[in-house]
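**Student:** So the chains spell out like this:
There are 2 protein chains.
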Amino acid sequence: MTALDRVAILGTGQIGTMVGMALRAAPEHGVMEVAVWDRDQAAMDACQQRAGSDRLLDEPRGALESDVIILATPVAQIVELIQELGPRLGPGQLLLDTGSSKQVVVRAMRQFVPETAGAVGGHPLCGRSELGPWAADPSLLQGATFVLCPVRADSPSLRTARRLVEMLGSVALELDADEHDRLLARSSHLPHLVAAAIAEMSGEVPTRALFSSGLRGAVRLARSDPAMVASFVCANLDEVLAASRDLCLQLDRLLAAAASGEEHLVAELERARLRALQVGVN
Amino acid sequence: MTALDRVAILGTGQIGTMVGMALRAAPEHGVMEVAVWDRDQAAMDACQQRAGSDRLLDEPRGALESDVIILATPVAQIVELIQELGPRLGPGQLLLDTGSSKQVVVRAMRQFVPETAGAVGGHPLCGRSELGPWAADPSLLQGATFVLCPVRADSPSLRTARRLVEMLGSVALELDADEHDRLLARSSHLPHLVAAAIAEMSGEVPTRALFSSGLRGAVRLARSDPAMVASFVCANLDEVLAASRDLCLQLDRLLAAAASGEEHLVAELERARLRALQVGVN
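Chains as they are written, first to last, in numbering that gives the first Met the number 0: chain A, 0 to 281; chain B, 0 to 281.
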């Protein structure tokens, strides 16, 4: 079984820093060293300040000395890092990522990580719309769902990944990468674009006085990091396109109900309200 | 000038109760009596408990003894009440409503309220997604925008309505009804339908474990009262249809940018992010 003595985190934005903080906060788990790297020196310094990481890496390859390498950059860079580091991974090492799109990641892992090493696609469902290491709040990992997408069947690396997820206080949920991407397109990726579209349309409203609390809620996701959102949307474009078509059909259905009589729209909205209540309250 | 001694509130849901509480909480404004009516006896009782209203009315026509009549029901009932009460209004009386769609209301006021009486379309931009008199929080009126839509040019009733809005602690914003409806379709009515559509799509997601905080924010408006939402959507259907078409075009534009390269989507999202930051934080 893979040791968890030394962990490297590449990408020290909100998620990478949060993971580093959670690992350092629980020394009883036995992680001896947390090494970090980011192409942005300021983000790396901030992560070290917050997580108390033991080592700053000069370059991503420095991570190859660690037992577990966690890729927490935007998805496009995750794929690049898999290409760079994957072929150099040795037996017993584990590569895990935290990106929001999983098919491209798992495909790259399958291609570039040798079978002797381990690789698992990961996606912690937590985080805030604020950006960077200073927005990291490790308590958000507590009880959060951490999706794990197998790269190869019956891989022992899944067990290691599960141990790591437990150490973070999160709850592992195993899901195939294509199923993850189909569902996340609907529950997350498209909602980010919708919030951006509504925000863009709010530009027609000539005065702040007409901005309601409802609108503020509707555009909240549009305050997310553009690079991060673009990265997971572009890495999951087919599913996001399909979800967008579904959304516009749903809107057409609601508007057709409205046109055929208020009571028909009420019935549709009653059903949607029950769904919304199931989704829960922030 | 219209006296403000006696105010009647028809419809004691969240907004009607909130208005009643705000009027009773500030006796220095000189409102001597707040009478209330709702077709739901329990809602009327709850409003009386919370606002300490002086009189429960047996029927809407009881409001004709008041100086100011505030219609705070869903929009379709507002129009019915204008038809019933409007022709019976006398000199110096003011009819004001709180509905979210204003063209149908202002049109009905123009048709049914005699020129000797006064009528103004109103829309306070505040409230929560929770329903009913127990969700009323008069502090939400403090500093909130209260749109006033003139029914007739140079009407003295606008001055009375402005005084009432000031008494509530809100900020009056004069706007033509058609402009109000065009803007609100984009900033509020369509976002309610979008939240419902996303909530409906979340039904495909098989486990609560995949519901993120982003999704919870995106479906928040779908927890609103279906009757209320259906009422203002159906009363503003042309503008909501136009806004829906705009939204789907915006989504297509974002997806086309994504297809042409991640950096193009980043640029679009950067712009939307600035808009979202202008809209502000809840």
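Keep in mind the hints are simulated off the structure, nothing from the lab.
Think of the CB as a built atom: it goes at the ideal place given N, C-alpha and C, for glycine as much as any other residue.
Among the hints, a few may not be true.
[What the hints assert, rightly or not] Partial pick of chain A residues on the chain B-facing surface, computed with a CB cut under 8 Å: (1) Ala24; (2) Pro26; (3) Asp57; (4) Leu63; (5) Gly85; (6) Gly89; (7) Leu124; (8) Ala194; (9) Ile197; (10) Met200; (11) Arg219; (12) Ala229; (13) Leu250; (14) Glu261; (15) Arg272.
**Student:** Answer holds if the nearest beta-carbon of chain B is closer than 8 Å to that of Ala24 of chain A; otherwise answer violated.
**Tutor:** Hint violated; Ala24 of chain A Cβ to chain B Cβ min 21 Å, cut 8 Å.
**Student:** Given a cut of 8 Å on the nearest C-beta pair, is the interface hint for Leu250 of chain A held or broken against chain B?
**Tutor:** OK, holds: Leu250 of chain A within 8 Å of chain B, min 5 Å.
**Student:** So, Leu63 of chain A near chain B? Judge it on the closest CB pair being under 8 Å.
**Tutor:** Hint violated; Leu63 of chain A Cβ to chain B Cβ min 27 Å, cut 8 Å.
**Student:** With a cut-off of 8 Å on the beta carbons, see whether Ala229 of chain A makes it to chain B.
**Tutor:** 4 Å, holds
**Student:** With chain B as the partner, please determine if Pro26 of chain A meets the hint condition of a C-beta pair closer than 8 Å.
**Tutor:** Violated, about 28 Å.
**Student:** Hint check: is the beta carbon of Met200 of chain A less than 8 Å from a beta carbon of chain B?
**Tutor:** Check passed: Cβ of Met200 of chain A comes within 5 Å of chain B, closer than 8 Å.
**Student:** Hint validation: Leu124 of chain A versus chain B, beta carbon distance must be below 8 Å. Holds or violated?
**Tutor:** 5 Å, holds
**Student:** Can Gly89 of chain A be said to touch chain B, with a Cβ gap under 8 Å?
**Tutor:** 32 Å, violated
**Student:** Take the shortest C-beta to C-beta distance between Ile197 of chain A and chain B; is it under 8 Å?
**Tutor:** This interface hint holds because 6 Å falls under the 8 Å limit.
**Student:** Does Glu261 of chain A hold up as a contact with chain B if the rule is Cβ-Cβ below 8 Å?
**Tutor:** 5 Å, holds
**Student:** Let's test the interface hint: is any C-beta of chain B closer than 8 Å to that of Asp57 of chain A?
**Tutor:** 27 Å, violated
**Student:** Does Arg272 of chain A hold up as a contact with chain B if the rule is Cβ-Cβ below 8 Å?
**Tutor:** 6 Å, holds
Of the numbered hints given earlier, the model fails hints 1, 2, 3, 4, 5 and 6; all others are met.
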